[in-house]
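Line by line, the protein sequences are chains A and B. Read in the UniProt record's numbering, the first sequence has 52 at position 52, and its numbers run on one by one without any break. Read in the UniProt record's numbering, the second sequence has 296 at position 296, and its numbers run on one by one without any break.
If you are wondering where the hints come from, they were derived from the structure by calculation, not from laboratory data. For clarity, every value in this text was computed on a predicted model and none was experimentally measured. Quick reminder that beta carbons are idealized off the backbone N, C-alpha and C, glycines included. You may find that some hints are simply not true.
As the list claims (entries may be wrong) - For lysine-lysine, the following DSS-like pairs were computed, each having C-alpha atoms within a straight-line distance of at most 30 Å:
# : chain 1 : residue 1 : chain 2 : residue 2
1 : B       : 295       : A       : 60
2 : B       : 296       : A       : 49
3 : B       : 219       : B       : 75
To be verified - Chain B is nowhere near these chain A residues, computed Cβ spacing over 10 Å in every case:
# : residue
4 : 16
5 : 18
6 : 51
7 : 56
8 : 71
9 : 108
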Amino acid sequence: MPAFVATVVVVFVLKLVQWLSGYRDNVVDALWGGFAASKLKELGHERQKLYLEQQSVSAKDEYARWTKLNRRVGQLDARLSEMQTQLAAQRKRAHAQLSKLHTVFLTVPVLVAKFWKGKVPVVSIPAGMFPRVLEPVLGQGWAAAALMPAKYVVTTVLGTGPTVAGPVVAPGAAADTVNAATSATAPICLAIWMWALTRVVDTAEDVVRDLCNI
Amino acid sequence: MSDLDLSVEPNLHSLITSSTHKWVFVGGKGGVGKTTSSCSIAIQMALAQPQKQFLLISTDPAHNLSDAFGEKFGKDARKVTGMDNLSCMEIDPSAALKDMNDMAVAQNGNGGDGLGDLLQGGALADLTGSIPGIDEALSFMEVMKHIKRQEEGEGEKYDTVIFDTAPTGHTLRFLQLPQTLSQLLDKFGEIAGRFGPMLNSLTGGNQNVDIMGKMNELKANVEKIKQQFTNPDMTTFVCVCISEFLSLYETERLIQELISYDMDVNSIVVNQLLFADSDAEHNCRRCHSRWKMQKKYLDQIDELYEDFHVVKMPLCAGEIRGLNNLKKFSKFLDKEYDPEADNKVIYELEEQK
Numbered sequence: 001m002p003a004f005v006a007t008v009v010v011v012f013v014l015k016l017v018q019w020l021s022g023y024r025d026n027v028v029d030a031l032w033g034g035f036a037a038s039k040l041k042e043l044g045h046e047r048q049k050l051y052l053e054q055q056s057v058s059a060k061d062e063y064a065r066w067t068k069l070n071r072r073v074g075q076l077d078a079r080l081s082e083m084q085t086q087l088a089a090q091r092k093r094a095h096a097q098l099s100k101l102h103t104v105f106l107t108v109p110v111l112v113a114k115f116w117k118g119k120v121p122v123v124s125i126p127a128g129m130f131p132r133v134l135e136p137v138l139g140q141g142w143a144a145a146a147l148m149p150a151k152y153v154v155t156t157v158l159g160t161g162p163t164v165a166g167p168v169v170a171p172g173a174a175a176d177t178v179n180a181a182t183s184a185t186a187p188i189c190l191a192i193w194m195w196a197l198t199r200v201v202d203t204a205e206d207v208v209r210d211l212c213n214i
Numbered sequence: 001m002s003d004l005d006l007s008v009e010p011n012l013h014s015l016i017t018s019s020t021h022k023w024v025f026v027g028g029k030g031g032v033g034k035t036t037s038s039c040s041i042a043i044q045m046a047l048a049q050p051q052k053q054f055l056l057i058s059t060d061p062a063h064n065l066s067d068a069f070g071e072k073f074g075k076d077a078r079k080v081t082g083m084d085n086l087s088c089m090e091i092d093p094s095a096a097l098k099d100m101n102d103m104a105v106a107q108n109g110n111g112g113d114g115l116g117d118l119l120q121g122g123a124l125a126d127l128t129g130s131i132p133g134i135d136e137a138l139s140f141m142e143v144m145k146h147i148k149r150q151e152e153g154e155g156e157k158y159d160t161v162i163f164d165t166a167p168t169g170h171t172l173r174f175l176q177l178p179q180t181l182s183q184l185l186d187k188f189g190e191i192a193g194r195f196g197p198m199l200n201s202l203t204g205g206n207q208n209v210d211i212m213g214k215m216n217e218l219k220a221n222v223e224k225i226k227q228q229f230t231n232p233d234m235t236t237f238v239c240v241c242i243s244e245f246l247s248l249y250e251t252e253r254l255i256q257e258l259i260s261y262d263m264d265v266n267s268i269v270v271n272q273l274l275f276a277d278s279d280a281e282h283n284c285r286r287c288h289s290r291w292k293m294q295k296k297y298l299d300q301i302d303e304l305y306e307d308f309h310v311v312k313m314p315l316c317a318g319e320i321r322g323l324n325n326l327k328k329f330s331k332f333l334d335k336e337y338d339p340e341a342d343n344k345v346i347y348e349l350e351e352q353k
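Using the sequences plus the hints, can you model the full thing?
Dropping the structure here:
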């Protein structure tokens, strides 16, 4: 159960990070570039206000006032350009840091977990829910699929070892994996479970996007 | 004058009597009276400081100095008839390019190779003569020649050079040249540093041109000019305009560009003013209407440029051509025009024959 909950949490956290990547600049600005981003926004508003005021003034009738507004707009444009350059540089640094954090705290642990504990059973489903030939894959991961041709040769051609439909035991696999394969339930290992959960969430997201025209 | 009186004089007396200014640029939109103003400034400076030598150069491809003074000037400086310390020069790009072409032919010798034949046909002048910006580049070269001559003590020495510039766009391009050249030479220096010997061999023939040396010399000269052009005690720009919207708009644009180049600009000459209120001899409805419009913009100028010398010059009854007329007209740059007291002068300008 803890493994089940942990995997669900990890998959949703990864999905959340992926969603947030779409709004990366806003997230980065909020976390790293707070002052620069808000200053830029403030300057943008001020410039817009000045521009509107300038548009409401007739250049021919109030040339001095129009020109003074024009000068202020020009100065603001220069400051905006400078702030944008600063913010772009800040965002670049922040993206680099964010990528490192992502790699260190998410990507690497998930990879390590998949390689180290990938074959640990997380949930069980009734045997026969999926074709029997798939149950070894569900129980032991993609390695089982890779080993299937070799097993076929060993069992059918050479006539030794368990059948194709039987459990394919990877070297070093835990004993309960073999026992579970012959019982009324079929275990699903961590790697397959995470893969399946991620695919389900992705598909659900696509359906929602299509239905809502996002 | 009280301590709190911060008003700026509405004349160019301080510039005319300045002993530090070496470069004076006079520019603005086309048709506002740049040539008349530049001639007037040059004349007043020459009259105010008779011990110094002044040179008036026209960098406008459509030269008018000869027409303004009523005598012919060319690419070599020549004294104005009637003035001992004022010379004029009109830079002619095609003549300057022909000189360069002839120099190249002479240096190439009588080798009879393809390049020599090409140059003798004036190909260099033809090729380069129509490049946009060539006028500005040649004017700039003239400036560099003067600086070099002054340092080496060669030829005629001029204490102040006044430029009658081309309309705004050309002038801005001219003033950008020091910065542009400086950046170009920096880049070229980087490349030449790596491929120097190969570049020298590219000159070929019997020349032994040290490209790096020439580039460094050019770069040093350009840096010197940049420093002088951005020194407010040595260089200033006088904007000329008329009291109309388009001219003012362009003047504002020019002033902002000049400020961005760190060039000193603190004088504006407003030409062609009618002063109809004070004109008892001529009192037509059209003039009053135009004067009303001009006054509107004059008030705006006074408000916008309160820390500038804003010189208001009258529209005269005749053309301001010839030395005598220019002398009479140019007095109002030194001591501002009084529409009541000086009104008769604008009708006194002699017709130039």
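Status of each hint after checking the structure:
no.	hint	result
1	295/B - 60/A	13 Å, holds
2	296/B - 49/A	27 Å, holds
3	219/B - 75/B	25 Å, holds
4	16	48 Å, holds
5	18	44 Å, holds
6	51	17 Å, holds
7	56	18 Å, holds
8	71	7 Å, violated
9	108	43 Å, holds
Violated hints amount to a single one, hint 8; each of the other numbered hints is respected by the structure.
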